[in-house]
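Chemist: Here is what each chain is made of, one letter per residue.
Protein chains: 2
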Amino acid sequence: MEVVRNMKISTYLVLFVVALVCIPSLATAFEPKVVDTNPKLYCLGAVDPLPSWNEGSAKSAILNFVANITNKSNPDYVEPEERIATFDNDGTLLCEYPDIVQVRFMLDRVKDMAPDHPEWNNTEPFMSILSGKRFAASNFSINEIMRIYVATSSNLTPEEYISLARNWLNRSKDPHFARPYTECVYKPMLELLSYLRTEGFKVYIVTGGDADFVRAFSEEVYGIPSEQVIGSAIKLKFIANDSSSSVVKLPEILVYNDGQVKAEEIQLTTGHPPIFAYGNSDGDIPMLQFATGGNRRGMGLLNHHDDSIREYAYDNDFSLGSLDKGLKMAGEWSWQVVSMKNDWKYIF
Amino acid sequence: MEVVRNMKISTYLVLFVVALVCIPSLATAFEPKVVDTNPKLYCLGAVDPLPSWNEGSAKSAILNFVANITNKSNPDYVEPEERIATFDNDGTLLCEYPDIVQVRFMLDRVKDMAPDHPEWNNTEPFMSILSGKRFAASNFSINEIMRIYVATSSNLTPEEYISLARNWLNRSKDPHFARPYTECVYKPMLELLSYLRTEGFKVYIVTGGDADFVRAFSEEVYGIPSEQVIGSAIKLKFIANDSSSSVVKLPEILVYNDGQVKAEEIQLTTGHPPIFAYGNSDGDIPMLQFATGGNRRGMGLLNHHDDSIREYAYDNDFSLGSLDKGLKMAGEWSWQVVSMKNDWKYIF
Chain P
1 MEVVRNMKIS TYLVLFVVAL VCIPSLATAF EPKVVDTNPK LYCLGAVDPL PSWNEGSAKS
61 AILNFVANIT NKSNPDYVEP EERIATFDND GTLLCEYPDI VQVRFMLDRV KDMAPDHPEW
121 NNTEPFMSIL SGKRFAASNF SINEIMRIYV ATSSNLTPEE YISLARNWLN RSKDPHFARP
181 YTECVYKPML ELLSYLRTEG FKVYIVTGGD ADFVRAFSEE VYGIPSEQVI GSAIKLKFIA
241 NDSSSSVVKL PEILVYNDGQ VKAEEIQLTT GHPPIFAYGN SDGDIPMLQF ATGGNRRGMG
301 LLNHHDDSIR EYAYDNDFSL GSLDKGLKMA GEWSWQVVSM KNDWKYIF
Chain C
1 MEVVRNMKIS TYLVLFVVAL VCIPSLATAF EPKVVDTNPK LYCLGAVDPL PSWNEGSAKS
61 AILNFVANIT NKSNPDYVEP EERIATFDND GTLLCEYPDI VQVRFMLDRV KDMAPDHPEW
121 NNTEPFMSIL SGKRFAASNF SINEIMRIYV ATSSNLTPEE YISLARNWLN RSKDPHFARP
181 YTECVYKPML ELLSYLRTEG FKVYIVTGGD ADFVRAFSEE VYGIPSEQVI GSAIKLKFIA
241 NDSSSSVVKL PEILVYNDGQ VKAEEIQLTT GHPPIFAYGN SDGDIPMLQF ATGGNRRGMG
301 LLNHHDDSIR EYAYDNDFSL GSLDKGLKMA GEWSWQVVSM KNDWKYIF
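Chains as they are written, first to last, in the working numbering: chain P, 1 to 348; chain C, 1 to 348.
Worth flagging that the hints you see were computed from the coordinates, not collected in a lab.
Repeated chains share a single entry, so a pair holds when one copy, or any two copies, can fit it.
Restricting the straight-line Cα-Cα distance to at most 30 Å, the calculated cross-link-like pairs of lysine-lysine (BS3-like) are:
1) LYS325 with LYS237
2) LYS173 with LYS345
3) LYS133 with LYS173
4) LYS235 with LYS111
5) LYS187 with LYS341
6) LYS341 with LYS173
7) LYS328 with LYS237
Excised from the complex, chain P in its bound form (with noise of 0.2 Å):
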């Protein structure tokens, strides 16, 4: 009885400190996740919180470096308040072959829109989206898709594009995996955003593609709030009149956010570069540059699509985000090209 009752109360010590030690974790890890990685046996050191990624230079130099940066007593230390990680997110997080699910949307919408456009019958690049004769992002120009794009998202207010976009979103299938487009997200890539959560990170998607667009499913899919969505934009316009107001897209691109506008937009809205940065394209360069260049010690990765029996194999030959200049420089820039087929146990 002596016995039991002296193993009650180191229970309850025991359980007090987990709770205690836990706490920090739990504090970030009441963000909605995707991928749960439980954060009170994590922070007991008995999960591995990379499961889908195979062994290899790739895992263990994000081991290393989220192990490092967070360790106080590691020169290389850095306070939460700095962790900005920044994901690209089509082709980084989830598939953009061949062809980029927001395009799909707006070849869809012209379809929707087109009995209020009789004008499209005889306008590019509109009357072969209706013809059916231009099907994908390839057979436009970049500026025949800003066109689509302004034409498709604008006279709206954010909440009905967002509406638009879920219900597009929940009744549409990649053609290719049979299922939604938001299950062709990579599942070594939600670990990998849960992972810096729960170790302080604040978690970014920086993408080219409409910021709104990526809301419409970013927290329940990536775990990621719309206010760390950070994206290409069409202008507001704030409009109140008697006890009503509301903001309306305006048909006018405000940003396109790719390139170098990446880093710049991450800049001015986080007040911070990155410390990690993680894209797919030679548009996420500067980004990654940004987290990585100087005295900066910042991790910078690529994802390589080199798999073509799980997902496809595709560099320079994707007009809509090419790799090519990225490849030949992450030597020299310390970035982790990341071999989907290698590094990556499972692709979903």
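On the provided structure of chain P, position chain C as indicated by the hints.
Modeler: Chain C in isolation, oriented as in the chain P frame:
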């Protein structure tokens, strides 16, 4: 001895339960704070979260609003991701009269920079700053203020600019109150920021001032991290060469965050309208309309500077932030006009 053991067990149990109960509050309470509403005590309901506010309609309106929107069984319940609270800075969180702190910084910068700009001796508005003829914001047109803003805030990295601002803040004092500007912040407002955070709000500063100027002290003084500061901004340019990279502020304004731009920037940055908006001048009207318009059940508040003894009494006689329309619209829009004289027990 038996009793002592049982007491010990109960004590551990109580400690454990208290730790568990407090975890949700601690999750938000981990942000650094100036005013510490002890979350452990507060989550047991023992502490007034707004002790520097006099009992009255303003205080009870705030407490009721927060109680309703955080109560899941209340029809006005708002999910945590939509609990966006936006605060103007100058005149709302800290003194702005008779001159805005950033304008004082800019005028001192002109003097510091003058040796490298001999042309300023013959160029307005710099000439009359250097001669001492003009020495306050009210002496300049808004266009002149913008020229001074650009001249004193460009050709620097954000880090360099923030460092200059911090050094200036550390060595400068408000001449009337004879204390650092960062101590001329309103105690009731610090309590309110802290209270809203504890209740799961994401608290943003939405300022007409430069975002980086406010970031120089927002974390330390308000407990508001850089990424929750939305402000005016100078255009950035990303530069990378060899293995180094940086962003530099160009001599061009990217956004002047006042009036309806405040509402637009809140939507662009957070992806949501605010549910709680607090300002003190007509430039904050759209932000308040955005929080309270239409079928939104948000709360809007305006600080009324009516305390000529403890601070200042001014309305529409302050060129850089007059409050005129706002007072007239408050009734129709159901905004709380907070009398700094009557509603606040302490100013600082």
